[in-house]
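Asks: Single-letter residue listing:
Number of protein chains: 2
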Amino acid sequence: MVEAIGLKASHIIKPGENLFEVLCETFELHLQIPQERSIIVIAETVVSTTQNRIIKLSDITNITPNAVQWSSEFEVEPAFAQLVLQESDEIIGGIPGMLFTVKSGILIANAGIDQSNAGGEGEYSLWPVDPFGVAEDLCKKIKEKYQLNEFGVIISDSRVQPLRRGIVGVAIGVAGFKPVDDCRGRCDLFGHEMKWTTRALADQITDVAHLLMGECDEQTPFVLVKDAPVSFTSQKISPDTMLMSRDQDLFSRIFKF
Amino acid sequence: MVEAIGLKASHIIKPGENLFEVLCETFELHLQIPQERSIIVIAETVVSTTQNRIIKLSDITNITPNAVQWSSEFEVEPAFAQLVLQESDEIIGGIPGMLFTVKSGILIANAGIDQSNAGGEGEYSLWPVDPFGVAEDLCKKIKEKYQLNEFGVIISDSRVQPLRRGIVGVAIGVAGFKPVDDCRGRCDLFGHEMKWTTRALADQITDVAHLLMGECDEQTPFVLVKDAPVSFTSQKISPDTMLMSRDQDLFSRIFKF
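Residue numbers (the working numbering), protein chains in the order written: chain S, -19 to 237; chain H, -19 to 237.
Think of the hints as simulated: they come from the structure by calculation, not from any bench.
Keep in mind that this is a model prediction, so the values were computed, not measured.
Hints are supplied without guarantee of correctness; some may be wrong.
Because identical chains cannot be distinguished in the list, a pair is counted as satisfied if it fits within a single copy or across any two copies.
What the hints assert, rightly or not - In the BS3-like style, the derived pairs of lysine-lysine whose C-alpha atoms are separated by at most 25 Å in a straight line are: (1) 206 to -12; (2) 125 to 206; (3) 175 to -6; (4) 120 to 206.
Full structure from sequences and hints, please.
Replies: Structure below.
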């Protein structure tokens, strides 16, 4: 049985707060002390907030011609296009009101820049700096404080899906467990060897967490997931483990970019 | 709290078995009698099997020139390419050994045709016929038998993700609850109105189920999900609710097809 428990924060988290302390307070507030083989999923917006990654659009003044072009093609504010340009690896297209980007190898709208739950009028939260490093640091501190051998951390974001209505979760930082389960070489019910299958476990765990986090005013940036069937590890997780190489990716062949 | 409980089948399900009876036996075997506000997620392979949708590749003899061309371009057997051609809305590309298709509006490898857990050597299971109808029928029967007002059914499959390693779950048939949560018009923590966000709840619930189903010899085609925060409904769910219209889809602009 997998259990997911939403942990509502005691307050709206402010820029510069200590994320580890906020998290421990939240565990204690809900009487949910981390146990072996649990995973905490943390919404990226609170990570960004504690990293002071909140920005006012009116502070963006150095707008390049490239940003002006994206802005006019997809009907977004020039300052917003400039911000997306700075924050993304690549802008690959858009629809009116939204740019589509690759950020840290992940396909995501607006380079993960979010207005919702970011703060005041005209304020945006940027994608956190080094989410894998943040996850690793929190994982170590939680294991030490609560004396655990096996524990996992996911920093999560939301992303669009191709041809499908509604966003789903994506793990943008992982520590403490293997985010992908490689089934190749194992057998099915009839003894046939699996030739292709790998499973995106971290993304699947993020999805159950996002059921409880919501996207509006739920104020639930933390979800504790118990007994997910994953392999815990103390090795550092490389972001590349979760990215598909272009030559193996079914989608790459049909993308224009 | 959301709970997901994997229900291992008592036996390997055979072509022509009655799915509703198998499901009820499984509930009783595990002492998990369906309760209000639960959702049962069912792997598509068992639906296909009970529908006798298992096919031997050697029985496919009418191979068209179009299939021969796909077969040679992406190094799959001609009979397999023919089957994919017959079963898909459109083949849009591939990688060596695998074709990429649209099936019922969903991007999926090989039109959802599966060799794993399909049966004997050279046998494949096809995508079930009318998965929304199957979900609706099962949902009604379960509500009646267990005297429930609110209950949901998902028929699930696995699919690839763009630029990302590992498959995730996708709901290919839904009944009993609203599969997509439209947040537009609601407010975030700071009172800003959400302008874009919809959430793919059925796909997210499918993901937690697939953590427990696995993809190999787990023999766990059923997962009972309790207390997922969804809106239950007795209205029939239209497949279109879950599909993104091409003019709103960020991906459509970057696809070659």
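Asks: Now, for every hint given, state plainly whether the structure supports it.
Replies: Quick rundown of the hints versus the structure:
Proximity of residue 206 to residue -12 under the C-alpha cut-off of 25 Å is found in both arrangements, the shortest distances being 17 Å within a copy and 20 Å between copies. Only within a single protomer do residue 125 and residue 206 lie at most 25 Å apart by alpha-carbon distance; the minimum there is 18 Å, versus 32 Å between protomers. In the homo-oligomer, the alpha carbons of residue 175 and residue -6 lie at most 25 Å apart only across protomers (24 Å), although the nearest pairing inside one protomer, at 48 Å, exceeds that limit. Only within a single protomer do residue 120 and residue 206 lie at most 25 Å apart by alpha-carbon distance; the minimum there is 18 Å, versus 32 Å between protomers.
Consistency note: the structure conflicts with none of the earlier hints.
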